[in-house]
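Using the sequences plus the hints, can you model the full thing?
Chains as they are written, first to last, in our numbering: chain A, 1 to 197; chain B, 1 to 238.
It should be emphasised that the hints constitute simulated quantities derived from the structure, not laboratory data. Where a beta carbon is used, it is the ideal one built from N, C-alpha and C, also for glycine. Possibly wrong hints are sitting among the right ones.
Taking lysine to any residue and the SDA-like style, the derived pairs with C-alpha atoms no more than 20 Å apart in a straight line are [unchecked claim]: (1) A:K34 x B:Q14; (2) B:K203 x A:P165; (3) B:K204 x A:H166; (4) B:K203 x A:I164; (5) B:K203 x A:S169; (6) B:K18 x B:K203; (7) B:K203 x B:N22; (8) A:K34 x A:S162; (9) B:K178 x A:E133; (10) B:K178 x A:S184; (11) B:K206 x A:F167; (12) B:K206 x B:Q14; (13) B:K178 x B:F166; (14) A:K34 x A:P109; (15) B:K203 x A:H166; (16) A:K35 x A:E161; (17) B:K203 x A:S184; (18) A:K34 x B:K203.
Calculated from the model, a selection of chain A residues having no Cβ within reach of chain B, i.e. all distances over 12 Å [unchecked claim]: (19) S2; (20) F6; (21) A55; (22) A83; (23) G119; (24) V125; (25) S157; (26) E161; (27) E193; (28) L195.
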Amino acid sequence: MSTHLFSILFIAILVENYVFVQFLGICPFLGVSKKLDTSIGMSFAVIFVMVLATAVTWPINHFILERYELTYLQTLVFILVIAALVQIVETFLRRFIPALYHALGIYLPLITTNCIVLGVVILNVQRQYSFAESIVNSLGGGIGFLLAMFMFTGIRSKLDESDIPHFFSGLPITLVAAGLAALSFHGFAGIAENLFK
Amino acid sequence: MAKADKAPEVNARQVFTKGLINENPIFRLVLGLCSSLAVSSSLIGALGMGVSVIFVLLLSNIVISLLRNFIPNTVRIPAYITVIAGFVSIVQMLLQAFANPIYELLGIYLPLIVVNCIILGRAEAFASKNTVGMAALDGLGMGVGYTIALLSIAFVRELLGAGTLFGFTIIPEAYTIKLFTMPTGGFLVVGFFMAVWNHLAEKKGKPRAGEDCNGCPMAGHCVSEFVRSQKEVEEDKA
Numbered sequence: 001m002s003t004h005l006f007s008i009l010f011i012a013i014l015v016e017n018y019v020f021v022q023f024l025g026i027c028p029f030l031g032v033s034k035k036l037d038t039s040i041g042m043s044f045a046v047i048f049v050m051v052l053a054t055a056v057t058w059p060i061n062h063f064i065l066e067r068y069e070l071t072y073l074q075t076l077v078f079i080l081v082i083a084a085l086v087q088i089v090e091t092f093l094r095r096f097i098p099a100l101y102h103a104l105g106i107y108l109p110l111i112t113t114n115c116i117v118l119g120v121v122i123l124n125v126q127r128q129y130s131f132a133e134s135i136v137n138s139l140g141g142g143i144g145f146l147l148a149m150f151m152f153t154g155i156r157s158k159l160d161e162s163d164i165p166h167f168f169s170g171l172p173i174t175l176v177a178a179g180l181a182a183l184s185f186h187g188f189a190g191i192a193e194n195l196f197k
Numbered sequence: 001m002a003k004a005d006k007a008p009e010v011n012a013r014q015v016f017t018k019g020l021i022n023e024n025p026i027f028r029l030v031l032g033l034c035s036s037l038a039v040s041s042s043l044i045g046a047l048g049m050g051v052s053v054i055f056v057l058l059l060s061n062i063v064i065s066l067l068r069n070f071i072p073n074t075v076r077i078p079a080y081i082t083v084i085a086g087f088v089s090i091v092q093m094l095l096q097a098f099a100n101p102i103y104e105l106l107g108i109y110l111p112l113i114v115v116n117c118i119i120l121g122r123a124e125a126f127a128s129k130n131t132v133g134m135a136a137l138d139g140l141g142m143g144v145g146y147t148i149a150l151l152s153i154a155f156v157r158e159l160l161g162a163g164t165l166f167g168f169t170i171i172p173e174a175y176t177i178k179l180f181t182m183p184t185g186g187f188l189v190v191g192f193f194m195a196v197w198n199h200l201a202e203k204k205g206k207p208r209a210g211e212d213c214n215g216c217p218m219a220g221h222c223v224s225e226f227v228r229s230q231k232e233v234e235e236d237k238a
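Here it is, written out as C-alpha cells:
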C-alpha cells in the first residue's frame with residue numbers, strides 16, 4: 001500500500017510533472033518564475049491550495065455528486081468550490097495567522113483561476129483515486145510545480161545574462177528553454193515503468 | 001461570419017478582425033497557453049479544442065453582455081465563472097454524446113476551458129462593457145484567432161512529429177521526428193512561432209508579445225492585486 005502511494009507521489013512529481021509534461025499552470029510558471037523568493041512563495045501556496053482543494057472536493061464528489069448522479073455538475077461545482085475555498089483561506093489567514101498570510105497569502109488571489117488546481121482535482125476524479133491517493137497525487141503535483149519553478153528561476157537568471165538573438169529574447173527563448181527542460185523529464189518515464197510495475 | 005454582416009456599426013469589422021492577427025490570443029496576448037500546448041499535437045485535437053472554445057467564448061460573451069447591468073461589481077468574477085462553467089459543461093456533454101473520440105482525445109483539457117484566461121479575460125475586458133452584438137463579434141473573432149493559432153501550431157507538430165495531416169500520411173514514418181508530438185515539441189514550436197510573430201510585430205512598429213501575462217486582463221487584475229497585497233505586507237512589517 002505504501003509502495004503504491006509512493007509510486008503515485010513519484011509519478012506525479014517527475015514522470016507526469018504538471019508543468020513540463022501536462023502543461024498545467026504555465027501562466028504562473030512563466031509570469032512568476034523571475035525571482036527566487038516569489039517563485040518559492042507561489043509554489044508553496046499552490047501546494048497548499050491543491051491539497052486543500054482535493055481534501056474538500058473529494059468528499060463532495062464522492063458523497064454528494066456520485067451518490068445522487070449529479071456528476072455532470074462536476075466542472076461547475078469544482079471551480080466554485082475552489083474559488084470559494086481560496087477566498088475563505090485568504091480571509092482566515094489574514095485574520096488569524098498573519099505570519100502564514102505574509103508568507104503565502106499574497107499569492108492566493110493568483111491561484112483561483114489557475115488551471116493546475118482544477119486540473120489536479122479533475123484528474124483525481126477521472127482516475128477514480130481513493131481519498132489517500134488523491135491527497136498524495138495533489139501533493140506530488142504541487143511538489144512537481146515547486147521543482148519546475150525552482151529549476152526555472154535559475155535557468156531564467158542565466159538567460160538574462162546570455163546573448164540571445166533580439167527577436168528571440170523574452171518569452172520565445174523562455175519557451176524554448178522550457179521545451180529543453182521538458183525533454184529531461186522524459187527520462188523518468190522508464191524508471192517508473194520498471195521500478196513500480 | 002453571418003453575424004459580421006448584420007452589425008452595421010463602423011468598427012464592427014475591426015472588433016471581429018482584431019482577434020485574428022493584431023490581438024491574436026495566443027501569439028500576441030499570450031493567453032490560454034496551457035491548453036494550446038497540450039492539445040496541439042494533432043490537427044484533429046486542435047480543431048476540436050478550437051471549436052469548443054469558439055462555442056463557449058461566443059455564448060458566454062453574449063450572456064455576460066446581456067447580464068452586464070445586473071451583476072454586482074463585487075461578485076462579478078464568480079458570476080462570470082459560473083456562466084462559463086455552465087457552457088463548458090454543455091460542450092462536454094455534447095462532445096461526449098456526438099463526438100466521443102474527440103472528447104477522449106481532449107481529456108482533462110476540455111473541462112479546463114473554464115479556467116482558460118481567454119474566456120474570463122474577454123468577459124472582464126470586453127463583454128462586461130459592450131453591447132450584445134459587439135460582444136458576440138469579439139467572442140467570435142477571438143475564438144477564430146485562437147483556432148487559427150492552434151491549427152498552425154498543430155500543423156507543424158503533426159506534420160513533423162507523426163508525418164500526417166488530419167491523419168493522412170504525408171511523410172513516411174522513417175523520416176518523422178517524434179520529438180514534435182511530445183511535450184518538448186509543443187514548447188519549442190510555440191516558442192519559434194512567437195519569435196516570428198515578435199519579429200513581424202517589431203517590423204511594423206508594434207510592441208512585442210506580452211510577457212508576465214500582461215496581455216491577460218485577468219492576470220492584470222491579479223498582478224495589481226498582487227502588488228497591492230505585497231505593499232500591504234511591507235507596510236505591516238514597517
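For each hint, the structure was consulted:
1. Of the pairs offered as hints, the one joining K34 (chain A) and Q14 (chain B) is violated, with about 36 Å between alpha carbons and a cut-off of 20 Å exceeded.
2. Simply put, K203 (chain B) and P165 (chain A) have alpha-carbon atoms about 15 Å apart, close enough for the 20 Å limit, and the pair holds.
3. With a CA separation close to 15 Å, the supplied pair K204 (chain B) and H166 (chain A) stays within the 20 Å bound.
4. Restraint check: the Cα-Cα separation between K203 (chain B) and I164 (chain A) comes to about 18 Å, which is no more than 20 Å; the hinted pair holds.
5. Proximity of K203 (chain B) to S169 (chain A) is assessed by CA-CA distance (about 15 Å); at most 20 Å being required, the pair is judged to hold.
6. For the hint linking K18 (chain B) to K203 (chain B), the alpha-carbon distance of about 18 Å falls within 20 Å, and the restraint holds.
7. Of the pairs offered as hints, the one joining K203 (chain B) and N22 (chain B) holds, with about 13 Å between alpha carbons and a cut-off of 20 Å not exceeded.
8. Proposed proximity of K34 (chain A) and S162 (chain A) is supported: the alpha carbons are some 15 Å apart, at most 20 Å.
9. Simply put, K178 (chain B) and E133 (chain A) have alpha-carbon atoms about 32 Å apart, too far for the 20 Å limit, and the pair is violated.
10. Simply put, K178 (chain B) and S184 (chain A) have alpha-carbon atoms about 15 Å apart, close enough for the 20 Å limit, and the pair holds.
11. Distance hint between K206 (chain B) and F167 (chain A) is fulfilled; the C-alpha atoms sit about 13 Å from each other, no more than 20 Å.
12. A threshold of 20 Å between alpha carbons decides the hint, and for K206 (chain B) with Q14 (chain B) the separation of about 17 Å falls inside it, so the pair holds.
13. Distance restraint check for K178 (chain B) and F166 (chain B): the Cα-Cα separation of roughly 17 Å lies within the 20 Å cut-off, and the hinted pair is therefore satisfied.
14. Annotation: proposed proximity of K34 (chain A) to P109 (chain A) holds, straight-line Cα distance about 19 Å (limit 20 Å).
15. Distance hint between K203 (chain B) and H166 (chain A) is fulfilled; the C-alpha atoms sit about 12 Å from each other, no more than 20 Å.
16. A C-alpha spacing of about 14 Å is found between K35 (chain A) and E161 (chain A), which places the hinted pair at or below 20 Å, so the restraint holds.
17. Of the supplied pair hints, the one linking K203 (chain B) and S184 (chain A) is violated, its CA atoms being roughly 35 Å apart against a limit of 20 Å.
18. Distance hint between K34 (chain A) and K203 (chain B) is unfulfilled; the C-alpha atoms sit about 28 Å from each other, more than 20 Å.
19. Every CB of chain B lies more than 12 Å from the CB of S2 (chain A), the least distance being 27 Å, so the non-interface label holds.
20. Every Cβ of chain B is farther than 12 Å from the Cβ of F6 (chain A); the closest lies at roughly 24 Å, confirming the non-interface assignment.
21. With a least beta-carbon separation of about 20 Å from chain B, A55 (chain A) lies farther than 12 Å from that chain, consistent with its non-interface assignment.
22. Non-interface call for A83 (chain A) relative to chain B: violated, since the shortest CB-CB distance, roughly 6 Å, does not exceed 12 Å.
23. Against chain B, the non-interface label of G119 (chain A) is violated: not every CB pair exceeds 12 Å, the least being about 6 Å.
24. Residue placement check: V125 (chain A) does not keep its beta carbon more than 12 Å from all beta carbons of chain B (closest about 10 Å).
25. For S157 (chain A), the condition that its CB be more than 12 Å from all CB atoms of chain B holds, with the nearest at approximately 15 Å.
26. For E161 (chain A), the requirement that its beta carbon stay farther than 12 Å from each beta carbon of chain B is met, with the minimum near 17 Å.
27. Distance check for E193 (chain A) against chain B: the nearest CB is about 16 Å away, which clears 12 Å, and the non-interface claim stands.
28. Annotated as non-interface, L195 (chain A) keeps its C-beta farther than 12 Å from every C-beta of chain B; the closest such distance is 21 Å.
Checked against the numbered hints listed earlier, the structure breaks hints 1, 9, 17, 18, 22, 23, 24; every other hint is satisfied.
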